[in-house]
Amino acid sequence: MADTIILEVERFEPERDTEPSYQSFEVPLRADWMVLDALTHIKDHLDGSLTFRWSCRMGICGSCGMMINGVPKLTCETLLMNFAPGPVRVGPLVHFPVVKDLVIEMDDFMAKVQKVRPWIVRKDDFKPAREFIQTPAQLEAFHQFSLCINCTLCYAACPVSGLDSNFIGPAAIALAHRYNLDSRDQGLEDRLDIVSQHEGIWDCTVVGECSVVCPKGVDPSLAIQQYKLTATKEWFKSFLLPRGKN
Amino acid sequence: METSAHDILIIGGGGAGLRAAIEIAELNPTLSVAMVSKVYPMRSHTVSAEGGAAGVAGKDDSIDEHCYDTISGSDWLGDQDAIEFFCNEIPKELLRLEHWGCPWSREPDGRIAVRPFGGMKKMRTWFASDKTGFHMLHTLFQTSLKYGSITRYDECFATRLLVEDGAVRGLVAIELRTGKIRAIQAKAVIICTGGAGRVFPFTTNANICTGDGMALAYRAGAPLKDMEMTQYHPTGLPFTGILITEAARAEGGWLLNKDGYRFLQDYDLGKPTPTPVFRSMELGPRDRVSQAIIGEFEKGRAFHGPYGDYVHLDLRHLGEHKIESRLPMVRELCLKYENLDPVREPIRIRPVLHYMMGGVHTDINAATTLPGLYAAGEAACVSINGANRLGSNSLGEILVYGARSGRTAMQYIEGANGGAKQSAILAQAADEERRLEQQFLRKTGGTERISKLRDEMSHTMETGCGIYRERNSLVESANKLSELHERYRNVAMDDHTRTFNTQLTSALELGFMLDVAETIVHSALNREESRGAHQRRDFPKRDDNKFLAHSMASRSAEGPPRIDYLPVVITRWPPGERVYGR
Amino acid sequence: MPQYTTFQPKPYRPRMSAYWYLDQWNYLRYALRESSSFFVAYFAVITLIQIAALKAGPTHYAHFQALMRCPVVIVLNAVALAFILLHAVTWFMLVPRVALRQVLNKPTPDIIASAPNFMVWFGATLIIALFILGVF
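Chains as they are written, first to last, in our numbering: chain A, 1 to 246; chain B, 247 to 828; chain C, 829 to 964.
None of these hints come from the bench; they were simulated from the model.
A couple of the hints might just be wrong.
[As the list claims (entries may be wrong)] Keeping only pairs whose Cα atoms sit at most 27 angstroms apart, straight-line, the calculated BS3-like set for lysine-lysine is: (1) A:127 / A:216; (2) B:689 / C:934; (3) C:838 / A:115; (4) B:305 / A:127; (5) B:338 / B:305; (6) C:838 / A:237; (7) A:228 / B:392; (8) A:228 / C:934; (9) A:123 / B:582; (10) B:392 / A:123; (11) C:838 / B:426; (12) B:568 / C:838; (13) B:426 / A:216; (14) B:582 / A:216; (15) B:305 / B:392; (16) A:233 / C:838.
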């Protein structure tokens, strides 16, 4: 095994460039290094202007999503040695505007998350004496969908997100679904009009890549397809068994 | 210079900051709340917490018992009035979070489940599988999206507090996206910026934990309390420092040395039993367990690895089913970062720096000594945790004190008189903009690399001010830090651009860390006793006559911080012996 | 040099290529799967033609059979068969697990959802084949 490996990193400096270009760096190839360790090595010792987001380095904060050899990954969980002898291409997540180097603009994503009303909605005044009773089975119903760390790898993997930036996207829909399935929530109707519009669930053509790249096993594709079933059922109910809006 | 104004400004978007914002938004939706964070809120370090949050739940448990466990856990340095308030409030806060959607793990009958935790006599730790901090943070963040009165300044890096006429009136921050310097004014400021683990080389803390808020308050004139109380978590992975939750021991894990021996029994922590016993052996408090592991290192009974000595945390006897259902993240982390399956092999661990008991001094209401300045969470020191924090008390603290600081700030601004003198504020902000440009952005010819200074700082902190300290090592560290402060003036910058300049933020963070490190070392030097997480080889006993008091580190005009003492508040629990395993 | 005004950086907005599905094997598989619906329609049309030929009488049906024996048509039908199999397999691997999750409300292994569908499919195919081969 060689001592070093080449990283080809996509650079973009908005004060100087109109478009990105690649810059090569030679870094040590250590057996327990993740790609993130290689990037911090470059920033610490080779070029302090290399700009990227990172924080927890244990795959839970969702900051460090980047394209590694064309595949969206969390750099803190991707072993560098897997790419030996290299070179390794590192770029910013696709389908997002690039602010600088490996940093993408997150405003759109944050707005989409807010749009789906990701909080417990209660329609009645019921307040339990202590906790809402929720059996382990009821918890299991939505638990998987609550594991999303907002890393947006799924948006980078989804071709619909790339072609149509209005698409609400896998993570936002999975989050809405998480609340719909939570036995304590009564907000299904409130979220329907947002999620079941054209840029909501119906924009999804079941490519399935979002679930493939998700580092936490959320399976957003499953959430979206389930949501389609739910939305269809609600649509039938709305004219077969109409209820007055209060 | 862009200016904006709000009623209350919160620095930090983690558990404490979000809880404070929600409290204010709920109680008074007409108040404009600003939340300034250098990262998006869901990236805050609260997200990494795993084990749980303690709150009295069962009929066989009582608030007083939780108080006693916390007080004895703190080695009697915790303020008992604050601890009583905290233990009373925490169950209500945890329930409130449940109503907001937090997916707490449940008993078969649908009630909240609790698990045992280190240093606690009864089972009272609520948990959400082994990702409690993650679920709490996301619940708080998503709930905060409901309120229109909260304005978020995401990825804005606070560089200085604005102080006028002795009161805090806002802050200066760099808007990372554009590089714009913003002066954000407010009638009250709450610091919720978390800890400063990155001052040490091996830490569970994220990259962002650089003590920003502590340094900001310190530089503005607020004292930092009990800074020498730095908690080492016994079980961190050797290279990365990644945390292996205490829950692994609560579920029954064993600590073994190289001879396969459960060595904690040699350190007055009880006798080994096949299943865990509260407050005994592996369920002892973190400071004592970490010290025991260092003891094994020194006796030569530990394993040697490429990153130093380590011992084993054995989970094999728990079985795959229990590990998968109660500790799935532990398994995931070991497989990913150590290439090891805890179902089949023991985990390599060593003590790593985890938590700062110390922080910005506040009273029981979260108020600092500066009017208009409040603090909550790990950045603050009330003190709930004294000389050693019990696991699962900090997630509770961010909720209780996040809410409390919000309420206190609201009361303050009701009585506040008039706005600040605009000219004075704007002059300070312009001054800060000039400093950033001259010292960093336009600076050429610097010779010191940021990473080198940072490595030297963390190295001296580990060797001179680690788990065991003594006068000589502390003086050496203090001198080294002085030297680093000097060399910091000559820092080299590669990135002179405005847009998203993370080298600039690294340089500023290094400056914050050097200030915080100095307060740690000098507080440690002056406390000539051993208590909790602060262990002096030259003063191995606890000295309640001289040191039943908090160290207060204040900035002095030149040179090292001035250290004063503030007596601990004792109510119903006079100082006693800290007993575990007996 | 870009038109950079201080404090107003313009982000770079990459354009997605019209041939994005050629970038990765998983995307190409998806594109093929979607294209298979064309061949499902093709097969439906062939079946309608076959039924019409049946109704029209033996001479017309003989013409139909001759058409089906053309090499071009054989190749086309072979390609159609491959795509239709792809269509069926991907359908049975995707749809049942969504339906099952919707009903059961908890995570279950995918095989439990998909296997019954495959078994019914093979069973029905077997029975029909036996009919065609004259066993029944």
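Of the numbered hints stated earlier in the document, which are not met by this structure?
Per hint list: 1, 2, 6, 9, 12, 13, 15, 16 violated.
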